[in-house]
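In this text, residue positions in the sequence shown follow the numbering used here: the first is 1, and each later residue adds one.
Bear in mind the hints are in silico, worked out from the structure with no lab data behind them. Check the hints yourself; a few may be wrong.
To be verified - As a list, the in silico EDC-like pairs of lysine to aspartate or glutamate whose alpha-carbon atoms are at most 16 Å apart:
no.	residue 1	residue 2
1	K146	D88
2	K68	D167
3	K108	E162
4	K110	E162
5	K108	E175
6	K146	D86
7	K108	E139
8	K108	D167
9	K68	E175
10	K68	E162
Quick caveat: nothing in here was measured; it's all calculated off a predicted structure.
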Amino acid sequence: MINKNKLGVGLSIALLLILIITTGISFAFFTANITGVEEQDTIVLSGGVMNITYSGGSNINALNMVPKSSPFGTKTFTVTGNSTADADMNYQVVLYVSQNTFSNNTIKYKLTSTNTGSNGTVVPSSSGLVGIASGSSREINLGNGKFVSPTNGNKVHTYVMEMHFPDSGSNQNQEQGKVFGARILVRGV
1 MINKNKLGVG
11 LSIALLLILI
21 ITTGISFAFF
31 TANITGVEEQ
41 DTIVLSGGVM
51 NITYSGGSNI
61 NALNMVPKSS
71 PFGTKTFTVT
81 GNSTADADMN
91 YQVVLYVSQN
101 TFSNNTIKYK
111 LTSTNTGSNG
121 TVVPSSSGLV
131 GIASGSSREI
141 NLGNGKFVSP
151 TNGNKVHTYV
161 MEMHFPDSGS
171 NQNQEQGKVF
181 GARILVRGV
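Please construct the entire structure, taking both the sequences and the accompanying hints into account.
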């Protein structure tokens, strides 16, 4: 004789297994049917844009320089930021000296900065003439600027870089035939 309790327990286990298997199959069936697949880009992201423009071209050519109180060359450049993102746009301005055979601090620069677009912060202006050490392949960090995002359109930072070979008041004939080459780099940080 089969115990009614054992039969009831066995029947309950069998019903439970049938229920689990049926639910698993039904769940698998319902999750395998996907409708409403996207066929076009529905997530579009864009970052900010930063442009650098050099007024009057990117070159300063000064041949047969002589010491004087005025600059031998001036380069005006603008950094323009435009961003709809929440992250600020930081950048660094560097004077890269590719070669300088002049004596230490004979060639000097002066940087004047203007926050033309009234947004963020510009690289600080130099307080006067700053000497450049002789040598090759060196970077002079002029400083960091920043556009605060979102900018709500193009915002401009304007810079004027003056290059000087000042008259020291004494004989500077030893500087004849010397060479100086440099460029301005603007890069994100």
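Consistency of the hints with the structure:
no. : hint        : result
1   : K146 - D88  : holds, 7 Å
2   : K68 - D167  : holds, 5 Å
3   : K108 - E162 : holds, 8 Å
4   : K110 - E162 : holds, 5 Å
5   : K108 - E175 : holds, 14 Å
6   : K146 - D86  : holds, 13 Å
7   : K108 - E139 : holds, 14 Å
8   : K108 - D167 : holds, 11 Å
9   : K68 - E175  : holds, 13 Å
10  : K68 - E162  : holds, 13 Å
The structure meets every hint from the earlier list without exception.
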